[in-house]
Amino acid sequence: MKRHYITQKIGFAALILAALVVIVPILIVIGIIISRGIGAINWTYLTAMPQDGMKAGGIFPAILGTLLLTLGTALAAIPVGVGGAIYLSEYARDTVLTRAIRLAIINLAGIPSVVYGLFGLGLFVLFLNFGTSILAGSLTLAIMTLPIIISSAEEALRAVPTEFRTVSASLGGSRWQGIRHIVLPQALPGIITGVILGLLRAAGETAPILFTVAAFFLPSLPHSFFDQTMALPYHLYVVSTQVPGMPLEMQYGTALVLLALVLSLNIVASIIRSYYRRRREW
Amino acid sequence: MPQTKIRIEHVNYYYGQTQVLKDVTLDVAEKAITVFFGPSGGGKTTLLRLINRLNDLVDGTTLEGNIYLDGRDIYNPEVNVPELRRQVGMVFALPLPLPGTIRENVLYGPMLANAENGTQEDEILFRSLNQAALWDEVKDRLDDAASELSGGQQQRLCIARSLALEPDVLLLDEPTSGLDPISTAKVEESLFKLKQDYTIIVVPHSIQQAGRIADEAAFFLMGEMVEHQSGEKIFTNPQHKQTEDYITGRFG
Numbered sequence: 079m080k081r082h083y084i085t086q087k088i089g090f091a092a093l094i095l096a097a098l099v100v101i102v103p104i105l106i107v108i109g110i111i112i113s114r115g116i117g118a119i120n121w122t123y124l125t126a127m128p129q130d131g132m133k134a135g136g137i138f139p140a141i142l143g144t145l146l147l148t149l150g151t152a153l154a155a156i157p158v159g160v161g162g163a164i165y166l167s168e169y170a171r172d173t174v175l176t177r178a179i180r181l182a183i184i185n186l187a188g189i190p191s192v193v194y195g196l197f198g199l200g201l202f203v204l205f206l207n208f209g210t211s212i213l214a215g216s217l218t219l220a221i222m223t224l225p226i227i228i229s230s231a232e233e234a235l236r237a238v239p240t241e242f243r244t245v246s247a248s249l250g251g252s253r254w255q256g257i258r259h260i261v262l263p264q265a266l267p268g269i270i271t272g273v274i275l276g277l278l279r280a281a282g283e284t285a286p287i288l289f290t291v292a293a294f295f296l297p298s299l300p301h302s303f304f305d306q307t308m309a310l311p312y313h314l315y316v317v318s319t320q321v322p323g324m325p326l327e328m329q330y331g332t333a334l335v336l337l338a339l340v341l342s343l344n345i346v347a348s349i350i351r352s353y354y355r356r357r358r359e360w
Numbered sequence: 004m005p006q007t008k009i010r011i012e013h014v015n016y017y018y019g020q021t022q023v024l025k026d027v028t029l030d031v032a033e034k035a036i037t038v039f040f041g042p043s044g045g046g047k048t049t050l051l052r053l054i055n056r057l058n059d060l061v062d063g064t065t066l067e068g069n070i071y072l073d074g075r076d077i078y079n080p081e082v083n084v085p086e087l088r089r090q091v092g093m094v095f096a097l098p099l100p101l102p103g104t105i106r107e108n109v110l111y112g113p114m115l116a117n118a119e120n121g122t123q124e125d126e127i128l129f130r131s132l133n134q135a136a137l138w139d140e141v142k143d144r145l146d147d148a149a150s151e152l153s154g155g156q157q158q159r160l161c162i163a164r165s166l167a168l169e170p171d172v173l174l175l176d177e178p179t180s181g182l183d184p185i186s187t188a189k190v191e192e193s194l195f196k197l198k199q200d201y202t203i204i205v206v207p208h209s210i211q212q213a214g215r216i217a218d219e220a221a222f223f224l225m226g227e228m229v230e231h232q233s234g235e236k237i238f239t240n241p242q243h244k245q246t247e248d249y250i251t252g253r254f255g
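From first to last, the protein sequence lines are chains A and B. Numbering-wise, this note's numbering puts 272 at position 194 of the first sequence, and it's gapless, one number per residue. Numbering-wise, this note's numbering puts 19 at position 16 of the second sequence, and it's gapless, one number per residue.
By construction, these hints were calculated from the structure, which means they are not laboratory data. In this text the structure is predicted, and so the values were computed from the model without any measurement. By construction, the Cβ of each residue, glycine as well, lies at the ideal position given by its N, Cα and C atoms. The reader is advised that the hints may include incorrect statements.
[What the hints assert, rightly or not] Reference listing, derived: stretches of chain B covered by chain A, where coverage requires no fewer than 3 residues with Cβ under 8 Å from a Cβ of chain A:
id, region
1, 53-60
2, 95-104
3, 132-141
4, 164-172
[Claimed, not checked] Simulated restraints, written as ranges between beta carbons of each label pair:
id, chain 1, residue 1, chain 2, residue 2, range
5, B, R144, A, R258, 22 to 32 Å
6, A, I189, B, G63, 31 to 41 Å
7, B, S43, A, Y353, 36 to 46 Å
8, B, Q20, A, R171, 41 to 51 Å
9, B, L97, A, I110, 48 to 58 Å
10, B, Q20, A, G188, 35 to 45 Å
11, B, G181, A, T176, 33 to 43 Å
12, A, L299, B, L97, 21 to 31 Å
13, A, G188, B, L97, 36 to 46 Å
14, B, T28, A, L153, 54 to 64 Å
15, A, A182, B, P5, 57 to 67 Å
[What the hints assert, rightly or not] Examples of chain A residues lying across from chain B (beta carbon under 7 Å, computed):
id, residue
16, S248
17, G250
18, Q255
19, L278
20, S348
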């Protein structure tokens, strides 16, 4: 008996240790970013243009750029991703082709982001002649986000019991009516989670926007989706490696803004999710 | 002799290589309760699901033979399948309320058919819930979640949901298998009322239930339809040895 008890204690201790190994570094990183960056945050920093070779002023163009890029990514990736997931989950039969598609999606999720950047440069910037633009950057980020959205949305759709589809059909519903009225509303919390996770990854990426949209410095804000823009992740890279004599506080300030942006998107997602989950009644 | 509502002619049915229905021929009488009974694996549920083409949703199946509803071949490519399913309602073994309120459940079918409008809605709600013997229990809580009802109430809600479409035929697959005796009695009671207007086919969950409700009865064994008689005859004086052995409890 006693031996078991000790083994159990050791086991628990190991598990707690494993959890701490994950959580503590994250907390330390967040703590450092907040404590070193908070001094830079003020109204000017958030709303003004950069000045003095970016060593003073604000980072508003980068914040706006990241928001625009995320919006563009959402517009491109959500309809295609959710549509693809509906097709795979509800319409496609289990054939060699669909299995190949699923395999491709899994593999796409594992491709390094810089490869997406080069792909975007080749396809959108050069071949389709969009130039380095928000459009090209958004589409590149969208392609990178698609595997995440498709696989999580498909999983959410499959989690809806088959019986609901059968019942809907038995009441004279077409396949689409069953999806539209029963399956999609039930799968929505899961789909939203997947979409937000994908968008968050897109918002924080540097490599895919490096060749397709991001500007080192722009004197004015973008006027259309065909303009270049600054963006937070790339700006962070620039101010921490490319600008000599950059005040440390401003570097951490940029990191803090990016972190806060991603975190607040995450919180919004949780709120939407719990709202829909409360409405779910089975 | 009652009118024939559904004619099943030489139906063979296969899941992949496995044959689950073997040359089944059967006439189903109009405005009466016909039961399909027999040990499990006999093909009763499969035949039921063929009558409103729900088995279309299953891949890898083969159907031979014909099924006629009012003399019309329901597997004719020109048949509008959603329309057929509105005409032939289905109630499943487990109560499966859709997510949403009682009202939404009843009105789901009519909503898809675009048949309802504001004034008809209340009428449909009252008529179908009343026919399913549920109206008195839920009339004050139509906007409560359907999942809050008891199992027996949920199953009557599922019957009401089918009735909301004013079908001709009602198929019930072991509708009382998960219910207590009181709820079972209520469901059976509503079936007795309904048979005046509807053609009803029930796969009963026990031989006793088959005896209680059957006007007509067909005995299924291993995919074959062994015997089809009036309920009175088949349970008192079965013609086939296998039927007798099953009814008297020698196997099953």
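Here is how each hint holds up against the structure:
no.: 1; hint: 53-60; in the structure: holds (count 3)
no.: 2; hint: 95-104; in the structure: holds (count 7)
no.: 3; hint: 132-141; in the structure: violated (count 0)
no.: 4; hint: 164-172; in the structure: holds (count 3)
no.: 5; hint: B:R144 x A:R258: 22 to 32 Å; in the structure: 27 Å, holds
no.: 6; hint: A:I189 x B:G63: 31 to 41 Å; in the structure: 35 Å, holds
no.: 7; hint: B:S43 x A:Y353: 36 to 46 Å; in the structure: 44 Å, holds
no.: 8; hint: B:Q20 x A:R171: 41 to 51 Å; in the structure: 19 Å, violated
no.: 9; hint: B:L97 x A:I110: 48 to 58 Å; in the structure: 55 Å, holds
no.: 10; hint: B:Q20 x A:G188: 35 to 45 Å; in the structure: 39 Å, holds
no.: 11; hint: B:G181 x A:T176: 33 to 43 Å; in the structure: 35 Å, holds
no.: 12; hint: A:L299 x B:L97: 21 to 31 Å; in the structure: 59 Å, violated
no.: 13; hint: A:G188 x B:L97: 36 to 46 Å; in the structure: 41 Å, holds
no.: 14; hint: B:T28 x A:L153: 54 to 64 Å; in the structure: 59 Å, holds
no.: 15; hint: A:A182 x B:P5: 57 to 67 Å; in the structure: 59 Å, holds
no.: 16; hint: S248; in the structure: 4 Å, holds
no.: 17; hint: G250; in the structure: 4 Å, holds
no.: 18; hint: Q255; in the structure: 5 Å, holds
no.: 19; hint: L278; in the structure: 29 Å, violated
no.: 20; hint: S348; in the structure: 21 Å, violated
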